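Sequence order for the protein chains is A and B. For what it's worth, my numbering labels the leading residue of the first sequence as 1, then goes sequentially. For what it's worth, my numbering labels the leading residue of the second sequence as 1, then goes sequentially.
Just so you know, these hints were derived from the structure itself, not from any lab. Quick caveat, the model's predicted, so the values are computed rather than measured. By construction, the Cβ of each residue, glycine as well, lies at the ideal position given by its N, Cα and C atoms. Among the clues, some could well be false.
As the list claims (entries may be wrong) - One-sided excerpt, in silico: chain B residues whose CB lies under 7 Å from chain A:
| # | residue |
| --- | --- |
| 1 | Ala-102 |
| 2 | Ala-123 |
| 3 | Leu-125 |
| 4 | Glu-128 |
| 5 | Ile-130 |
| 6 | Pro-266 |
Stated by the list, open to error - Simulated restraints on C-beta separations:
| # | chain 1 | residue 1 | chain 2 | residue 2 | range |
| --- | --- | --- | --- | --- | --- |
| 7 | B | Asn-186 | A | Arg-145 | 20 to 30 Å |
| 8 | A | Ile-127 | B | Tyr-19 | 55 to 65 Å |
| 9 | A | Met-7 | B | Ser-154 | 31 to 41 Å |
| 10 | B | His-151 | A | Ile-49 | 51 to 61 Å |
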Amino acid sequence: MKLTRYMHWAALSGLMLLLFILNLGLGSVSIPVSDILNILAGNEASNIIYADIIWNFRITKALTCVLAGSALSIGGLQMQTLFRNALAGPDVLGLSSGASLAVSLLLMGQAAGIRFFSDPNPWTIVIASSIGAGAVFLIVLFIARRLGDNTSLLIIGLMMGAATASLVSVLQFLSEAEDQQAYLLWTFGSLGSLSWSEIQILTLVLVLGALVGLLSVKALNAWLLGDNYARSLGVNVNRSRLFIILSTSILTGGVTAFCGPIAFVGLAVPHLTKLIIKTHNHRVLLPAVMLSGAILMLFCDIIAQLPGSKYVLPINAITALIGAPVVIWIVLKSKRISI
Amino acid sequence: MSTDTFMNCIETIDLTVGYTNRHDGFNILLENLNLKLKAGELVCFMGQNGIGKSTLIRTLAGLQRPLSGTIKFNNLDSKTIKSSADGLPHHLAVVLTDRITAVNMTVSDVVSFGRYPYLGWAARLSTEDIQIIKETLKETRIEHLKDKKLHELSDGQIQMVMIARAVIQDTPIILLDEPTAHLDLNNRLEIMNLLRRLAHNYGKAILASTHELDLALQTADLIWLAGQDKKIITGIPEDLVLDGTFDFIFQFKGFDLKTGKVQHEPYRGLNIKIEGSGHEFLWTKNAFERKGFSITPEASQHTVAVRQTQGSLEWVLDDKINFRSLQQLFLSLESFV
């Protein structure tokens, strides 16, 4: 039992490392594997430009995959446990919708007579997205304190998502094709183009979110028995609910700000992980979904680069394309999805 | 946790339970309760649906605020307990009617939640915890289920698992909300016997709400009966039967609690005398009463004798016709009556 568990961890870590290096090797410029390993080891490569490409483009991108995949997966796991709903993901609280609304206001707002910045740039998008996710977080927090039960919270999260989506479509209807396209590109999600300083912020986001999640391990586990049993076991469910919302908000808000609304990873990864590591203990599940999330994201990014071609497909198209069949396969195979 | 026998484990002082309503203030279900739940006692809590049994259990378990009054646990008031490091989960465990939706958990997973009040943030079980879990599974006789998934269990087995989880919490008090609901007779008996063992052998104070009148009357040390005027009457089962409290509260429709039988109307207007003894006599009498005959001790229109012949039963109608079963007897009786 113990041994197989160690083997699972070793296999997951090994797979992640392998995909990480494979990810570094892919791109419009082909770099030999020996050069990649040399550059990683700090040695000279055969071409001086290679080092620059690896350090400033490929590693940042691969790291973004790892960070975003881990963060979204923790968020998904927490939401599935909190709502005891297999279809919950990090976006059920409406955070990505809030971020989308803010970004759409930024990119298409002039159609509606609103203009925030003379010229939207990546940083203003990050700020707008954070403000949008943050505003929704505050609304959810306020509602969570007033309503005692998780199901109402889930419904309100979904309703807010629907309301913001309709506002966005109004803006899209009013705005010009050029602005629409800018917004559309953002919704496709993007893992590249993060600088090292942005990676640092995203790392901080992941560490913070994961720590708050780890502090809630007992509550997450006890929630599997339902609210009342959790309370009878001494779990402060109200405080824990706020902690879990806080953690998921930091993680989802952070990732959405830097990478756009990346769908499906947070929903699919917890199910995939439980297929390999059969436990209900979140002390084990949290690190496990982090690893699996990183793996799935690296894998999706590799597919998105369409090995052998110069095209890069939008990451959001790939995550759903890979994730959906996998989840369908799991449902068909086990006939019962565990939360 | 040791407890003196017959110590007050729960004591309520002028406790009123119910719900607060946004429109008209309070919805009081049970009021001014001064109840005592003692160590080593199994108390069955009875009363009609909707009278507030679950509400009282939830309130005692700290899952719901009382409207007024106070509750003491092991002679400590609830405020003292709340501010202490241990908290209520070290004093009291519950078995609720809530269904567990995470059906992929194993029995071991579920029962180990009983140790949660004693664990740190990482919820890591110590060897002592594992030992307690092992012993309790043995004591509750569900050791063989420990690696089964919840969805592989029957309703009765799930209920045993939830009770084992509460026992593993190692508290002097256990509250159970309808632990025998939806179970067949054998499972109901098994659960009531387990609760009795826990109370008598381990000195736990156990309160179980139930609708099983016959079972409660035969197993409970004490009955709490929620009735009219938002009050709870307490007493030992036999006293409450004989002084008519049960009849008054439940307003039985055609059921005689003192004989334990459903009342029948002798609609045929025919008198039958039955000869015989023991179980055979009693069941034959039941059959004739159910079929609408009046039974008389003196000689009357018909006589039925029940007796053993060569190891099997035989019924003789008016010393003339022999029958091998009551069914045959009634068939021929109805043809000429």
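Evaluation of the interface hint that places B/Leu-125 against chain A, nearest CB under 7 Å: Hint violated; B/Leu-125 Cβ to chain A Cβ min 10 Å, cut 7 Å.
C-beta pair B/Asn-186, A/Arg-145: status relative to the range 20 to 30 Å that was hinted: 47 Å, violated
Distance restraint evaluation - A/Ile-127, B/Tyr-19, Cβ atoms, bounds 55 to 65 Å: Between A/Ile-127 and B/Tyr-19, where Cβ atoms are some 46 Å apart, the hint is violated.
Interface restraint verdict for B/Pro-266 against chain A (beta-carbon cut-off 7 Å): 51 Å, violated
51 to 61 Å as the expected CB spacing between A/Ile-49 and B/His-151, which holds or is violated: Given a distance of about 59 Å, which is inside 51 to 61 Å, the answer is holds.
Restraint outcome when B/Ile-130 is required to lie within 7 Å of chain A by C-beta distance: Hint on B/Ile-130: violated, closest Cβ of chain A at ~14 Å, above 7 Å.
Per-residue hint verdict: B/Glu-128, partner chain A, C-beta under 7 Å: With a minimum Cβ separation of about 18 Å from chain A (threshold 7 Å), the hint on B/Glu-128 is violated.
Beta-carbon spacing of A/Met-7 to B/Ser-154 - inside the hinted bounds 31 to 41 Å or not: 35 Å, holds
Hint status (Cβ of B/Ala-123 to nearest Cβ of chain A, threshold 7 Å): 5 Å, holds
Interface hint status, B/Ala-102 versus chain A (Cβ within 7 Å): The hint holds - B/Ala-102 has a Cβ within 7 Å of chain A, the shortest such distance being about 4 Å.
Checked against the numbered hints given earlier, this structure breaks hints 3, 4, 5, 6, 7, 8; the rest are met.
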